[in-house]
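Asks: With the hints as a guide, dock the two chains, each given alone in a separate frame, to form the complex.
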Amino acid sequence: MTVTRRPVVAGWFTGDDEADFRLLGTRCTACSSVFFPRADDFCRNPGCQGDGELAEVPLSPRGRVWSCTDGRYRPPAPYVSDPDTPWEPYTLVAVELDAEAMVVLGQAAPGVTVADLPVGSEVEVVPGILNEDDEHVWTTWHWRPVPAEVTR
Amino acid sequence: MSADVAVLGAGMHPWGKWGRSFVSYGRAAAREALADAGLDWRDVDAIVGADTVRGGYPGYVAGATFAQALGWQGARVTSVYAACASGAQAIGAARAQILAGLADVVLVVGADAAPKGFFAPAGGNRPDDPDWLRFRVLGATNPAYFALYARRRMALHGDTVEDFAQVKVKNAAAGALNPRARYRKRVSAEEVAASAVVADPLRLLDICATSDGGAALVLSSVEFARRHGRSDPVRIRAVSTVTPVYPKTVLDLPDIATDSAVAVSPVAHSFRASIARAAYEEAGIGPEDLSLAEVYDLSTALELEWYEDIGLCPMGEGAKLVREGATALGGRTPVNASGGLASFGEAVPAQAIAQVCELTWQLRGTAGDRQVAGARVGITANQGLFGHGSAVVAVR
Numbered sequence: 001m002t003v004t005r006r007p008v009v010a011g012w013f014t015g016d017d018e019a020d021f022r023l024l025g026t027r028c029t030a031c032s033s034v035f036f037p038r039a040d041d042f043c044r045n046p047g048c049q050g051d052g053e054l055a056e057v058p059l060s061p062r063g064r065v066w067s068c069t070d071g072r073y074r075p076p077a078p079y080v081s082d083p084d085t086p087w088e089p090y091t092l093v094a095v096e097l098d099a100e101a102m103v104v105l106g107q108a109a110p111g112v113t114v115a116d117l118p119v120g121s122e123v124e125v126v127p128g129i130l131n132e133d134d135e136h137v138w139t140t141w142h143w144r145p146v147p148a149e150v151t152r
Numbered sequence: 001m002s003a004d005v006a007v008l009g010a011g012m013h014p015w016g017k018w019g020r021s022f023v024s025y026g027r028a029a030a031r032e033a034l035a036d037a038g039l040d041w042r043d044v045d046a047i048v049g050a051d052t053v054r055g056g057y058p059g060y061v062a063g064a065t066f067a068q069a070l071g072w073q074g075a076r077v078t079s080v081y082a083a084c085a086s087g088a089q090a091i092g093a094a095r096a097q098i099l100a101g102l103a104d105v106v107l108v109v110g111a112d113a114a115p116k117g118f119f120a121p122a123g124g125n126r127p128d129d130p131d132w133l134r135f136r137v138l139g140a141t142n143p144a145y146f147a148l149y150a151r152r153r154m155a156l157h158g159d160t161v162e163d164f165a166q167v168k169v170k171n172a173a174a175g176a177l178n179p180r181a182r183y184r185k186r187v188s189a190e191e192v193a194a195s196a197v198v199a200d201p202l203r204l205l206d207i208c209a210t211s212d213g214g215a216a217l218v219l220s221s222v223e224f225a226r227r228h229g230r231s232d233p234v235r236i237r238a239v240s241t242v243t244p245v246y247p248k249t250v251l252d253l254p255d256i257a258t259d260s261a262v263a264v265s266p267v268a269h270s271f272r273a274s275i276a277r278a279a280y281e282e283a284g285i286g287p288e289d290l291s292l293a294e295v296y297d298l299s300t301a302l303e304l305e306w307y308e309d310i311g312l313c314p315m316g317e318g319a320k321l322v323r324e325g326a327t328a329l330g331g332r333t334p335v336n337a338s339g340g341l342a343s344f345g346e347a348v349p350a351q352a353i354a355q356v357c358e359l360t361w362q363l364r365g366t367a368g369d370r371q372v373a374g375a376r377v378g379i380t381a382n383q384g385l386f387g388h389g390s391a392v393v394a395v396r
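Quick mapping for you: the protein sequence lines, in order, are chains U and B.
Okay, so the first sequence: first residue is 1 according to the UniProt record's numbering, each after it adds one.
Okay, so the second sequence: first residue is 1 according to the UniProt record's numbering, each after it adds one.
So here's chain B without its partners, still in its complex pose (with noise of 0.2 Å):
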C-alpha cells in the first residue's frame, strides 16, 4: 500500500532510574535502531525527537539535542511536544516527511529521566495554566484522576478490585520475560491487595510508576528498505493524532470540568475511543484483525477501558476479557504483551515510541519468550495531556 512506510529499526534503552541524562538513553536507543536498520547515522536525512519537559532547554528541543548527541550531520530536524502522545506526533511526523518525498529515511527518538512520584506541574505561579490550577486548587494528582475511571467502572459496570488486580498480575507475568523491563518480577493478586491505596480504589501496584527509559525507531519509504534489502519489513500503515470531538464529556487530565452538552449533543463514542478508531479506518482494519495490542495501561482499570476502546469487546465488558485470559500471552488477543507501563513505568515521550518497538519485534517473530505466535497486525493506543490522541497500526 502506498501509504506504507516501513521499520527498519528499533532500539530501546533499558527502563529503570539510571540517574543519567534523557540525552544519554535517547542516544543509546537512537544507536541500537541504526544498528538495527544496518544504516550509519550519516546515512539518515531527518531527525524527530519528542520533547521532555524535564531538562531545561535541551528537552524542549529534543531532535536538535539527540542530533548533536549522535554528532551533527546536517539532517532535517523537527522537535514535538504532546505529552504521552509525543512519541506518536514524531512518529506521525517522520512519516508524514517520509511519504511526502522530503525524505527516505528518518531516526525517531523519544526519552526522558522522570521525576520519583506523582507528575507536577512545571514551577511557579501560573493561574492561567490549567496543570498548574489542578494541582494548586485541588491537589488533583494523575492517580486521582484514574481512580475517578476506576470507581465509575466499578458503579456502572461491576468491575472489582480483584479486576483491576488480575491486569496487574498479567502484564507483571508479560514484563518478567522482557529483558527491556524495569520491573522484571511476578506479581499476585495478594500483592496487589496488599500494597498501600493511592487513590481508593487504586492501590501502588494498580498505578504505573515514573521511570527513566528511551525508545527510537528508524522509518524509511518502502521503496528505499526494498533498495535496502529489505522486501517484507514491519510497515506502519496507520497513525491516529486525533483530537476530541466537542463536547467532550468525560472529565479528563487536567481538567477541572468537563465541556457542557447544553448547545450540542456529544458523539456517541469518547476521546479514547476515536483514537482507536481514526487508527483503524486509516490502516483499513479492524479490531478482529488484530494480533496484539499496546495500551496505555497508566492504571490497571484504565487498561480495561482500553479494551472497550479499542474494540476488543463492547463497552463495560472489559474486565470480562481479563477474567477469561483473552488478553493475556497465549489468549485471543494479548494487551501488553512488552509488559506495558505497569512493567516499564513511564518515560513520558519515549512511551509511544516503545510501544511500537514492541510492536516491531511481535511482528518480526524476534520477541523471544513473550512472542505472540503469527503476529501479523498490531494496534498501540495512547493519550496525551491537554487533548492529544495516539494511535499506530503496524502491519507485517
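Okay, chain U solo, but in the shape it has when bound (with noise of 0.2 Å):
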C-alpha cells in the first residue's frame, strides 16, 4: 500500500514546500479581523456590521515567542503515540504575529528547546510531520528559531 502525506486537518496550511509554506486562516471582508483556525461560517467580532464573507488568508510567516513549554508526559488520545516507544518530549510555542495582532500555538521543529526559544525571540514557521501511520504520513506545522545569520 501507498502511503500518502495528508495534512492532519484540511485547510490550515499550505503544502510541502518548505520556501513558501504559511499558515492559512481566513479574514473577514467587511472589518478585516482575522482567524486561525479558520473561520468559515461567520465573523466573531460583535460590532462586524458585514455579512459574513470571509477571505483565505496566509498568515505572517515569522513571529515572536509569546511563551513555550514541553510535555514531559504522553499526553492522551487523540494526540497519536506509540505507547510501546520510550516517550519523545515536544516542544510546545505560543507565537505573536505583529499584522494579525494574535497568538498562534504549534509544535516547535524536532530538536527545538524551550531554552532554544527565549520569550520575544524570533521564529518562523516550516512544514512538519506529526505522526506517520501505514496509510498516511500526518503533516503539521512547526515552529523554529530564524537562524541568526537570517535576521541580521
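Quick caveat, the hints were computed from the structure, so don't treat them as lab data.
There could be a bad hint or two in this list.
Claimed, not checked - Not the full set, but computed from the structure, chain B residues with beta-carbon under 7 Å of chain U:
id	residue
1	VAL137
2	ALA144
3	ILE256
4	SER260
5	VAL264
Everything numeric in this text was worked out from a predicted model, so none of it was measured.
From the three backbone atoms N, C-alpha and C, an ideal C-beta is built for every residue, glycine too.
Replies: Below is the structure:
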C-alpha cells in the first residue's frame, strides 16, 4: 500500500514546500478580523456589520515567542503516539504575529527545546510531520528559531 | 440588601480517589447540606445540578440524577454545564430562581469521579471540536497551557520557580488543617523542586491532581431564612458568570490561537480580571473589603495571576504577595484557606460549589484550625473552559 502525505487538518496550511510554507487563516472582508483556525461560516467580531464573507489569507511566516513549554509526559488520545516506545518530549510554542495581532500555538520543530526559544525571540513557520501510520504521513506546521544569519 | 440570597446549608464529600460513582458523592454532599440547613429534602422547591461529562447520560442530567438519588419528590429541576464554572452557573441559576420568586429553597449539587492523569476530550473522531483538535494536532494538555502562563510570568515579571513553589507550600499548609482535603500533608519547597517536570517550568507539585469529590449548598430567600430562624445567615451577594469580550488576546484553554486585535482594540483588563470585576460591581464591594479569597489554583503560577486579577495587587506583583506571606493563613488576605486545588485536586463540577462552602464556613467562624479571624467578606474566582466566568461574593 502506498503511503500518502495528508495534512492533519485540511485547509489550515499550504503544501510541503518549505520556501513558501504558510499557515492559512481567514479574513473578514467587512471588518478585516483574522481567524486561525480558519472561520468560514461567520465573523466573530460582535461589532462587525458585515454579512459573513470570509476570505482565505496566509498568515505571517514569522513571529515572536509569546511563551513556550514542553510535554514531558505522553498526552492522552487523540494525540497519536506509540505506547510501546519511550516518550520523546515535544516543545510547544505560542507565537505572536504582529500583522495579525494574534498569538498562534504550535509544536516546535524536532530538536528545538525550550532553551532555544526565549520569550521575544524570532521564529518562523515550517512544514513538519505530526505522525505516520500504515497509510498516511500526517503533516502539520512547526515553529523553529530564525537562524541568526538571516535575522541580521 | 434585596438581591441577597441566604446560604442555609453547606456540605461536602471529602475529596480523594474513592472509586465510587459521582452520584454517591453528590448525594452525600447534598444530605450534609440539608442537615446543616435543618431541612428535609422534601422541603426543597428546586434542585440545580452541575453536570459532569463523565458517567454518560446521568452526568449530563445531573440535576435529575441527584434528585432521583435523594428520592423523587417533584422538585423543579435544572442541569447546567460550564466546565470548571459549572458550579457557579448552578449557584447562579438557583439564585435567579429565588430572586425571581420561583422558589424559596434550592439545593445546588456538583460532584465528579475524575479519571487519573491528564483530562482528555470525549472519544471519537471530532475535528470540529476545538478541545479534540488541541490534543490531536498539538498534544496540548491542560498543564501545557498553565506552563505557558508560568513562563510568560517569568519573562515579564521576573517570577521564579521558587515563587511558584511557595504557593504550594502555603496551600499545602492550609490543606493540612482541612479534614475534607485529599492531601493533608505539609509540603516543602525542596519537595516541589524534587518532583518531576510535567511541562517546563511546572513540576508535578505545581499542578493540581484530578480527584473525586462532591459539594452542595442549600440556598434560600433571606425572608425564608428569617422565617426559619436564621436572622444573620451567610449571604451570597454576587454571582459572576461573564463571558470574555472580543478580542480575547490571552491564549486560553482549549484554543490554538487568540482572537485577532486587528479590527478591535482589546479592553484594558484580561478575561480573568473581568470575572472578578463583574462580581465586585454587582456586590458593591472592592478587593480592599475582602477577608479572604478562594481562587482556582490549577497551577501554583496561576494562583499568582489570580491575585492580580482579583485586585489584591497590581499586575506583575503576585509573587511579592506570596513572598510576604500576605496570602497565607494569618496574612492580610488569605487565599485558598481551604488548601485550594493544591490540596483537594480537581473535581470539575463540584469545585466552584466547594469554594462557596469554604466561604460559608469561614464567614460563620466554623472553619476550625484554618479559620480566618473575623472573616466578613469573601470572593471565589474560577474560569471554565470555552469562556465561562465564575466568581461568587459572600458576606456576613
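Asks: A separate judgement is required for each hint: does it hold in the structure or not?
Replies: Structure-based check of each hint:
Restraint check, VAL137/B versus chain U: the minimum CB separation of about 5 Å is within 7 Å; hint holds. A least Cβ separation of about 5 Å between ALA144/B and chain U falls short of the 7 Å threshold, and the interface hint therefore holds. Contact between ILE256/B and chain U, as hinted, is supported at the beta carbon level, the nearest pair being about 5 Å apart and thus within 7 Å. Because the beta carbon of SER260/B sits about 4 Å from the nearest beta carbon in chain U, less than 7 Å, this interface hint is met.
Interface hint status for VAL264/B: upheld, as the beta-carbon distance to the closest one in chain U is roughly 6 Å, under 7 Å.
Of the numbered hints stated above, none is contradicted by the structure.
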